[in-house]
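Taken in order, these protein sequences are the chains called A and B. Start counting the first sequence at 1; every next residue gets the next number (the numbering used here). Start counting the second sequence at 1; every next residue gets the next number (the numbering used here).
Errors might be hidden in some of the hints.
For chains that are exact copies, the list does not tell them apart, and a pair is met inside one copy or across any two.
As the list claims (entries may be wrong) - Taking lysine-lysine pairs in the DSSO-like style, the calculated list, with each CA pair at most 30 angstroms apart, reads:
id	residue 1	residue 2
1	174	339
2	73	335
3	323	109
4	266	323
5	345	174
6	266	174
7	335	203
8	339	173
9	323	263
10	323	335
Because the hints were derived from the structure by calculation, they are not lab data.
Number of protein chains: 2
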Amino acid sequence: MVANGRSFQVGFDIPAKIGDRIDDIHTPALLIDLDAFERNVSRMADSAKAMGVRLRAHAKTHKSADIALYQIKHGGACGVCCQKVSEAEALVNAGVKDVLVSNQVTDLKKIERLAQLTTRARTIVCVDDADNVDHLSASAQRFGTVLECLVEIDVGAGRCGVEPGRAAVALAKKIAGAEGLKFSGLQAYQGAAQHIADYGQRKANIAAAVEMVQATVTLLQQQGLQCEIVGGAGTGSYYFEGASGVYNELQCGSYIFMDADYKRVKDKNGEFIHEFENSLFILTSIMSHTKSDKAICDAGLKAQSVDSGLPTVFGNADLTYVKCSDEHGVIADPKGILKINDKLKLVPGHCDPTCNIYDWFVGVRNEKVECLWPITARGLAL
Amino acid sequence: MVANGRSFQVGFDIPAKIGDRIDDIHTPALLIDLDAFERNVSRMADSAKAMGVRLRAHAKTHKSADIALYQIKHGGACGVCCQKVSEAEALVNAGVKDVLVSNQVTDLKKIERLAQLTTRARTIVCVDDADNVDHLSASAQRFGTVLECLVEIDVGAGRCGVEPGRAAVALAKKIAGAEGLKFSGLQAYQGAAQHIADYGQRKANIAAAVEMVQATVTLLQQQGLQCEIVGGAGTGSYYFEGASGVYNELQCGSYIFMDADYKRVKDKNGEFIHEFENSLFILTSIMSHTKSDKAICDAGLKAQSVDSGLPTVFGNADLTYVKCSDEHGVIADPKGILKINDKLKLVPGHCDPTCNIYDWFVGVRNEKVECLWPITARGLAL
Numbered sequence: 001m002v003a004n005g006r007s008f009q010v011g012f013d014i015p016a017k018i019g020d021r022i023d024d025i026h027t028p029a030l031l032i033d034l035d036a037f038e039r040n041v042s043r044m045a046d047s048a049k050a051m052g053v054r055l056r057a058h059a060k061t062h063k064s065a066d067i068a069l070y071q072i073k074h075g076g077a078c079g080v081c082c083q084k085v086s087e088a089e090a091l092v093n094a095g096v097k098d099v100l101v102s103n104q105v106t107d108l109k110k111i112e113r114l115a116q117l118t119t120r121a122r123t124i125v126c127v128d129d130a131d132n133v134d135h136l137s138a139s140a141q142r143f144g145t146v147l148e149c150l151v152e153i154d155v156g157a158g159r160c161g162v163e164p165g166r167a168a169v170a171l172a173k174k175i176a177g178a179e180g181l182k183f184s185g186l187q188a189y190q191g192a193a194q195h196i197a198d199y200g201q202r203k204a205n206i207a208a209a210v211e212m213v214q215a216t217v218t219l220l221q222q223q224g225l226q227c228e229i230v231g232g233a234g235t236g237s238y239y240f241e242g243a244s245g246v247y248n249e250l251q252c253g254s255y256i257f258m259d260a261d262y263k264r265v266k267d268k269n270g271e272f273i274h275e276f277e278n279s280l281f282i283l284t285s286i287m288s289h290t291k292s293d294k295a296i297c298d299a300g301l302k303a304q305s306v307d308s309g310l311p312t313v314f315g316n317a318d319l320t321y322v323k324c325s326d327e328h329g330v331i332a333d334p335k336g337i338l339k340i341n342d343k344l345k346l347v348p349g350h351c352d353p354t355c356n357i358y359d360w361f362v363g364v365r366n367e368k369v370e371c372l373w374p375i376t377a378r379g380l381a382l
Numbered sequence: 001m002v003a004n005g006r007s008f009q010v011g012f013d014i015p016a017k018i019g020d021r022i023d024d025i026h027t028p029a030l031l032i033d034l035d036a037f038e039r040n041v042s043r044m045a046d047s048a049k050a051m052g053v054r055l056r057a058h059a060k061t062h063k064s065a066d067i068a069l070y071q072i073k074h075g076g077a078c079g080v081c082c083q084k085v086s087e088a089e090a091l092v093n094a095g096v097k098d099v100l101v102s103n104q105v106t107d108l109k110k111i112e113r114l115a116q117l118t119t120r121a122r123t124i125v126c127v128d129d130a131d132n133v134d135h136l137s138a139s140a141q142r143f144g145t146v147l148e149c150l151v152e153i154d155v156g157a158g159r160c161g162v163e164p165g166r167a168a169v170a171l172a173k174k175i176a177g178a179e180g181l182k183f184s185g186l187q188a189y190q191g192a193a194q195h196i197a198d199y200g201q202r203k204a205n206i207a208a209a210v211e212m213v214q215a216t217v218t219l220l221q222q223q224g225l226q227c228e229i230v231g232g233a234g235t236g237s238y239y240f241e242g243a244s245g246v247y248n249e250l251q252c253g254s255y256i257f258m259d260a261d262y263k264r265v266k267d268k269n270g271e272f273i274h275e276f277e278n279s280l281f282i283l284t285s286i287m288s289h290t291k292s293d294k295a296i297c298d299a300g301l302k303a304q305s306v307d308s309g310l311p312t313v314f315g316n317a318d319l320t321y322v323k324c325s326d327e328h329g330v331i332a333d334p335k336g337i338l339k340i341n342d343k344l345k346l347v348p349g350h351c352d353p354t355c356n357i358y359d360w361f362v363g364v365r366n367e368k369v370e371c372l373w374p375i376t377a378r379g380l381a382l
């Protein structure tokens with residue numbers, strides 16, 4: 001099989017071939033339950049439409065051109081977000097026409113590439129530094145194009161972004177006056193709120209963010225600066241931003257897959273989020289079982305990111321993934337039901353950095369492999 | 001540049017080119033300080049030689065054919081260990097002639113590949129299951145070769161391996177009597193002891209392991225079974241196994257790089273391990289600095305594994321890496337010394353799964369890029 005200009009050998013660098021049964025897939029492998037994935041994509045498209053806001057799906061979750069194009073074609077996405085210039089390039093190369101790098105790009109070499117990208121697709125970038133405006137402007141002028149900029153404001157995440165209000169207006173004015181740049185609005189992502197389990201606390205955090213955004217939008221309008229884009233929101237909070245009347249672009253990513261940590265977030269009835277289903281799984285095999293009450297599987301730290309906790313075993317409440325080392329996972333099996341070579345589906349603790357480890361998604365429907373999607377921008381951390 | 005049959009573009013999928021200064025390297029990137037690396041390699045070679053034991057360096061740490069061959073040529077290694085059949089294949093393809101898969105291989109398709117590998121290199125595998133012996137034997141016979149097997153015993157790690165003593169002898173006898181297999185000895189790695197900070201506790205754990213190994217070796221001898229290989233040990237304990245008079249092969253891996261977690265392990269004087277130096281670094285750039293007391297760098301969860309803790313900032317006690325999200329790290333900078341585009345060297349919390357994320361090692365000497373080593377078996381989790 002050939003993809004991305006390379007040839008791949010099944011079982012060595014490709015985990016399966018089209019038509020394989022799940023039991024034939026070489027493990028560990030990253031599976032997508034295509035039915036669940038498609039339902040998730042549709043649900044978010046419907047939600048955004050119902051709220052009258054655009055969806056700019058976040059491609060940092062999957063880094064896959066196939067999925068980005070699917071979200072645009074079938075999932076109501078107006079374009080995508082990504083976090084790195086290299087990701088933006090990979091997606092534009094595959095046919096995506098509208099990309100927001102929802103991040104700062106300050107390295108001069110990367111700025112050149114970003115400016116070059118504007119000649120091939122609508123390209124938007126976030127800014128939180130005045131010197132950066134000069135650098136972006138110089139590059140855009142060299143390529144004779146216009147680079148769209150959002151002023152990133154810190155609405156509570158405490159990471160990137162200038163203060164809402166006057167600091168944001170000052171930066172917006174500088175952008176609006178810079179040759180080769182266009183001020184296109186605000187980036188206002190409250191990342192720290194997404195994984196708060198309690199609904200009320202999430203709601204309060206986003207309400208505070210909305211207030212800061214509204215105040216900034218008003219100040220900008222008073223200076224004659226319109227926000228074509230007011231962007232933010234993630235899978236844990238999108239219904240708040242979407243209904244705020246202030247945000248007009250949602251940047252959700254994880255909704256397509258979900259993960260163990262997002263499944264601990266609760267809705268307004270105190271129940272775990274259920275509008276999106278787990279569609280992403282690590283397929284793992286049992287490869288040692290010398291103790292009666294535990295089995296060892298082949299998915300360890302090199303098969304997932306455990307930053308947000310260990311994975312859960314899907315569909316079997318008797319089994320618990322209790323420990324992780326480089327190439328092994330320990331599965332508590334108190335009833336002794338597992339045998340060597342049995343396969344399990346694990347729900348990753350955190351989907352984004354787990355996807356970044358794999359080269360392929362194995363798309364499965366009706367227990368058979370339907371597609372193999374390269375993780376186009378895997379490892380393109382640059 | 002072309003490697004592994006692919007062509008690579010600097011800054012996109014390759015972080016640097018030969019001769020670049022450190023400041024020219026695209027970040028985040030994984031650097032090797034070649035001087036420190038070479039000193040580490042020499043020190044372990046000298047230690048093993050002084051103790052009169054073989055070193056079978058563990059390639060799971062680096063997954064790099066260049067480093068494996070360097071360890072064999074210049075680092076006193078008799079061969080390498082790896083954890084996956086796909087890793088073994090990648091290393092044999094590159095010229096390694098002696099490989100121990102220090103793990104169980106139970107999948108029938110992988111067993112076929114393992115048996116095939118014996119026709120190209122000395123190939124050894126670990127076994128902890130009687131049925132597995134039948135499967136290995138059948139495959140070896142199909143290829144008309146001999147596959148060497150170590151009986152893995154659990155000497156306290158509580159993961160894979162049969163009980164020391166009679167269970168191990170029974171399995172060894174089965175191997176010795178199986179067509180196409182050769183009983184070559186014991187695998188007795190006490191993985192749970194490696195990262196225990198306290199010297200006395202590590203010593204006690206390994207002493208207990210040595211006792212179990214000795215008893216098993218004696219029982220095997222009484223049955224006429226000799227252990228050509230008694231293997232185990234890691235960077236945190238190798239001097240105990242090496243001096244035990246029972247182990248004859250050390251399987252250390254992390255010593256070439258070290259990491260933040262290994263640097264918390266203490267020696268007999270209560271001091272942090274200092275016989276090996278940090279030689280592996282994540283090079284990161286500051287890309288946002290809107291708060292006076294903290295800066296944001298471009299190395300987050302997709303640039304490292306944080307399972308064993310956050311990275312440390314190398315060579316600057318005023319800076320602390322305090323928080324990690326997908327593409328960002330937060331650096332506490334109480335004195336406000338950092339500027340946008342400044343570069344930092346981070347010591348990864350855990351080297352093995354961090355290396356597994358990257359495609360390239362950037363070898364640096366005298367502040368210049370001297371070599372680019374592909375991480376040959378990256379992601380080959382199969």
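Hints, one by one, checked against the model:
1. Taking the closest pair of Cα atoms, residue 174 and residue 339 come within 30 angstroms of each other only across two copies (20 angstroms); inside a single copy the shortest separation is 65 angstroms, beyond that limit.
2. When the C-alpha separation of residue 73 and residue 335 is checked against a cutoff of 30 angstroms, the pair qualifies neither within a copy, at 46 angstroms, nor between copies, at 49 angstroms.
3. Proximity of residue 323 to residue 109 under the C-alpha cut-off of 30 angstroms is restricted to the inter-copy arrangement: shortest distance 27 angstroms between copies versus 42 angstroms within a copy.
4. Taking the shortest Cα distances, residue 266 and residue 323 sit within 30 angstroms of each other both inside one copy (26 angstroms) and across copies (24 angstroms).
5. For a Cα distance limit of 30 angstroms, the shortest separation of residue 345 from residue 174 qualifies neither inside one copy, at 51 angstroms, nor across copies, at 33 angstroms.
6. Taking the shortest alpha-carbon separations for residue 266 and residue 174, neither the intra-copy value of 41 angstroms nor the inter-copy value of 54 angstroms comes in at or below 30 angstroms.
7. Proximity of residue 335 to residue 203 under the C-alpha cut-off of 30 angstroms is found in neither arrangement, the shortest distances being 42 angstroms within a copy and 35 angstroms between copies.
8. For a Cα distance limit of 30 angstroms, the shortest separation of residue 339 from residue 173 across copies, 23 angstroms, qualifies, whereas the shortest one inside one copy, 65 angstroms, does not.
9. For a Cα distance limit of 30 angstroms, the shortest separation of residue 323 from residue 263 qualifies both inside one copy, at 20 angstroms, and across copies, at 23 angstroms.
10. For the identical chains of this complex, residue 323 and residue 335 are intra-copy neighbours only, at 18 angstroms inside a copy versus 39 angstroms across copies, given an alpha-carbon limit of 30 angstroms.
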